[in-house]
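Start from the sequences, fold in the hints, and give me the full structure.
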Amino acid sequence: MIGTHDAASGSTDATRNDNTTTTSRAHRNALVVDNLPLVGYLVAEVCARATHLSRDDLASAGALALVQAADAFDPALGVPFGAYARRRIMGAFADDMRSADWASRGTRKRIKATLEVQETLAARLGRAATIDEIATAMGTDRAGVREAMADAGRTVGVIDEIVENGLAAEQATPEDQAADAERDRTLRSAVAALPERMRAIVEQLYFGGRTVGEIADELGVTHSAVSQQRTAAMKLMRESIGDLLAADPAPVVETATAAVQARRAAYRSQVADLMMADAVEARRARAAIAS
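For the sequence shown, position 167 (counting from the first letter as 1) is numbered 167 according to full-length UniProt numbering, and the numbering increases by one without interruption.
Hints should not be assumed to be uniformly reliable.
[Claimed, not checked] Beta-carbon label-pair distances, calculated as ranges:
{"hint": "1", "residue 1": "ALA258", "residue 2": "ALA192", "range": "36 to 44 Å"}
{"hint": "2", "residue 1": "GLU45", "residue 2": "ARG284", "range": "27 to 35 Å"}
{"hint": "3", "residue 1": "THR120", "residue 2": "LEU77", "range": "43 to 51 Å"}
{"hint": "4", "residue 1": "ALA225", "residue 2": "ALA128", "range": "42 to 50 Å"}
{"hint": "5", "residue 1": "ALA192", "residue 2": "ALA72", "range": "24 to 32 Å"}
{"hint": "6", "residue 1": "GLY220", "residue 2": "LEU125", "range": "52 to 60 Å"}
{"hint": "7", "residue 1": "ASP217", "residue 2": "ALA262", "range": "32 to 40 Å"}
{"hint": "8", "residue 1": "ALA200", "residue 2": "ARG284", "range": "26 to 34 Å"}
{"hint": "9", "residue 1": "VAL33", "residue 2": "GLU214", "range": "41 to 49 Å"}
{"hint": "10", "residue 1": "THR120", "residue 2": "GLN270", "range": "57 to 65 Å"}
{"hint": "11", "residue 1": "HIS27", "residue 2": "ALA150", "range": "38 to 46 Å"}
{"hint": "12", "residue 1": "ALA76", "residue 2": "SER224", "range": "41 to 49 Å"}
These aren't lab readings, by the way, just hints derived from the structure by calculation.
Remember, it's a predicted structure, so these values are computed and weren't measured experimentally.
Every residue, glycine too, gets a C-beta built ideally from N, C-alpha and C.
Rendered as structure tokens:
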């Protein structure tokens, strides 16, 4: 009897542990899914300041950081997951850029060569070399030197700004947290309203940790076709969110066809409906907690 009781008790404990693991995994997955748009938003934010960065590399690093953040998150710390994940994602961006994987091979080579010539001339001349002197030493034109130095400067500046943003996120005010929550809800609505093919590509890139090449192979299309879909999705979300959140949207001179304008209008309307439904649900949740 004792042996039977022990076996039954062990079976119950194992079942309880399995259920706990399943619940924990489901909660982790929910955090990742709910905050998926944050990765795309931050990738777009960083690339807007440094256009030479690889969106694919940053998206992969950000998606991995989001999953790791969901695994490590502790609600007892009193920090909203959105703010915590943002810091982890931005930190992953900075690490990725520091590892020199942030630019194409040609860009890295041009920056490295320019900086080496600049340092060599400075040591020889005893002063900072001019653009003309660097260009002459490299056998190139002034524009090429300026571009390489600008790329190097932008990258350092972006890394510094990313680190500063990460530190600032640790001290987010309640107002900042509320704004982050509102932005995340808006982004979730924008992704959910995308046409099916665009939505699938965005979700796989920014949540599934997949590359443009993998998605292209699966769909049987070119890399360029997938990249175009992603670019179109980001443009559609950016423009629509801007219109919906702006107090007085600036007039836009439309050059698209009537059919394209109609699709954009329908998308904006759907995003607005989802945002409204999400806001209502959030108010209900707050009311339930308050009661």
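Do the hints match the structure? See the list:
For the hinted restraint 36 to 44 Å between ALA258 and ALA192, the CB-CB distance of approximately 26 Å leaves it violated. Between GLU45 and ARG284, the C-beta spacing of about 31 Å keeps the proposed range 27 to 35 Å intact. In this structure the hint that THR120 and LEU77 lie 43 to 51 Å apart at CB holds, the actual value being about 50 Å. At about 47 Å, the beta-carbon gap between ALA225 and ALA128 stays in the expected band of 42 to 50 Å.
Between ALA192 and ALA72 the Cβ separation comes to about 27 Å, which falls inside the hinted range of 24 to 32 Å. Take GLY220 and LEU125: their Cβ atoms lie about 58 Å apart, and the range 52 to 60 Å holds. ASP217 and ALA262 have their C-beta atoms about 33 Å apart, which keeps the hinted 32 to 40 Å range intact. At roughly 30 Å, the beta-carbon separation of ALA200 and ARG284 lies within the given 26 to 34 Å, and the hint holds.
Our hint of 41 to 49 Å for VAL33 and GLU214 is violated, since their Cβ atoms are close to 20 Å apart. Look at THR120 against GLN270: about 58 Å separates their beta carbons, and that is inside 57 to 65 Å. Checking the proposed 38 to 46 Å range against HIS27 and ALA150 shows it holds: the Cβ atoms sit about 45 Å from each other. For the pair ALA76 and SER224, the beta carbons lie near 47 Å from each other, so the given range of 41 to 49 Å is met.
The structure fails hints 1 and 9 (numbered hints given earlier, in ascending order).
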